[in-house]
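Trainee: Sequence lines, in order, name chains V and C. Heads up: the first sequence at position 286 corresponds to 286 in the working numbering, and the numbers run straight through without jumps. Heads up: the second sequence at position 330 corresponds to 1330 in the working numbering, and the numbers run straight through without jumps.
This list has only true hints and no planted wrong ones.
According to the in silico footprint, chain C covers these stretches of chain V (three or more CB under 8 Å from chain C):
1. 20 to 28
2. 135 to 147
3. 262 to 271
4. 281 to 293
5. 298 to 312
Simulated from the structure, these hints should not be mistaken for laboratory data. Virtual Cβ for every residue (Gly too), placed ideally from N, Cα, C.
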Amino acid sequence: MELTKTVAKRLLQLVIVLLFVTMFTFLLIRLLPGDPTTTIIPFGTDAQRAVLRQDLGLDKPLYEQYADYLTNLLQGDLGKQYNSGRPVIDLVSQSLPVSLQLMIYAQFIALLFAIPLGIFTAYRAGTRSDKAINTSAFALLALPNFVLALFLSYFVGAQLKWLPTGGYAPGWLDQFFDSSRSPDLIEHARYLLLPAITLAVGQIAVYMRLLRSDMIATLQENFITMAKAKGLSNQRILWRHALRPSSLTLLTVAGLNVGTLIGGAVVIEVIYGIPGMGLKIYQAVFSKEYVELQSYVVVIAVLFVLVNFFVDFLYTVLDPRIRRARAS
Amino acid sequence: MPELPDTGVDDEIGSGPTATEAFEREQHEFGGVAGDSGLLQVGAIEAGPASTRRRGAGLGFGAWAAIGWMGFIILIAVLAKVGILTWGDANESFASCARKGPLADEGGAKGFLLGCDSNGRDMIPRLALGAWTSLLVAVGAVTLGFIIGGTLGLIAGFTGGKTDTILTGMFNVLLSVPVIIMALALVAFLQGASGEEGALSPEMILIIAIGVVAIPLIGRITRASSLTWAQREFVLASRAQGAKSRRIMIREVLPNVLPAMFSIALLAIGIAIVAEGALAILGVGVRPPTPSWGNMIALDRGNLFKSPHIVFEASLLIFFTVLSLNLLGDVVRARFDVREGGL
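Here chain V stands alone, though its shape is the one from the complex (with noise of 0.2 Å):
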């Protein structure tokens, strides 16, 4: 019941969201003073801003206007590219998978490194080695990630040549946005080995902090205690007792992470020019595509929610003391 009731909050809130995000973009076009086809194509001709103008329905009422929006984004249709025509869901298809290899990489680093880091760090507390490692996370959390992609494309790309610092080869999740792109996995590695590094590590000193913490709290528990009791090795007491209970809020944080690493690897495949949806952002705003614009937003914002409550839920699926407090 309690369950059904959460489900049922959470979707509310789901809907919420997706209102206020596509009213948001909306409005963010047609509040613009004057005519709006003049800021959407700003260089369109007068032939061009006829069609715009049907297009948009500006001769309805603002609320009928939105409908219509509504009802087109349900039916996938995003608008079209005003320089080119082109549909925007057809770009959105090429350079959306793109982003989400990319994200997923940069979890899969970050989790390879912060999960031993913060094991070390939580079992040596408050050691020299400990205190290393933490002044180094602190440090990393002020460095930006577009100053690490600078450095790392100029010393690991430019001056050691280890790998390219720019470009894109498909990998596995590009077939089955767009069946044209047939997979090369170790060029699509080469590509995108140094983006997903930089997006990494912030998130390994953020993941490391939060795993230490929690570990640190586990190892005082009772059972940690029994276990050594039974003479059980310090590598299997910490790897297989105490990670597993520790590990909770960490597995959360980098779920609903994967929502705002959207955010992040924009500005990084601007700096790697690595097509996904950042670096579309970034041409539509330089060669002001309102409509294209618009529809990114909407896209990476619907993700980000979707991503945020799929986790939500899990969660609660997942953790039997949580469902069973519920239960109760």
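Once you've looked at the hints, dock chain C against the given chain V.
Mentor: Same frame as chain V, now just chain C:
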């Protein structure tokens, strides 16, 4: 297994937090402003030297270094703004010096310690003037965020009930869009709204966009903080004496919330500096020729491989400034022993 020292972990997780609680907790541990992306994710408050520092202890080397750095940056920013450091014109180009500098392929140029950018403009006055622009935008945005977000948060936390539910809901909805995307959309909108002739200066547009994005973040933290103080006995005592809500809010709760807010403000300025940089790279920064650290990076990003000094010098300034602000925020928090519980 070695003895586990008491590291002051005050969160009980035995009961298992809900996802939302965990998220809120992250927001707290990481300065509460970690809304978006590695980029805006700043300041693990407890990280680093803080854990060993005791309340009332003298400032460490790091804190003094941070104060010194901030003093230096503010000094050069002001000197550049009043025209002393820029020797007249920050936009003057020297053709002989273009793209030259430390680390550059073409080598350094005599008389220009930090080299020149791709237009042959001396880096020193530009970095100094850039400091002014970046600080102006960041401080302006944070001030805006605090005036609106802080007030709303204070009201929400203090009043509770329906007002609280509505305001908190509003904050959460505003936070449902990644902040950098939100800021970008706002800048694009405001640029369009102010027209070609520019009713709003580019700096003002950035201040508004970043400030608006900061409102829900700051609002939530202020709410949490004022919520705990509003439940204290002296508030009850004041109420018993017949004080009006507004008076209690301003005279009793606000002064207690302020130290926490000051620490958050320092972190937020750091975040805003980074946000300005990110927006500049996304092509919506301050309009050239006015330099800001962000648009210096954005403009000469294309020369990264041949003349890396241009981008690196601005990057380093951003890094050290944000690091200093994080450190100072951390020190302030430790000083006042700021704990935000009660969510």
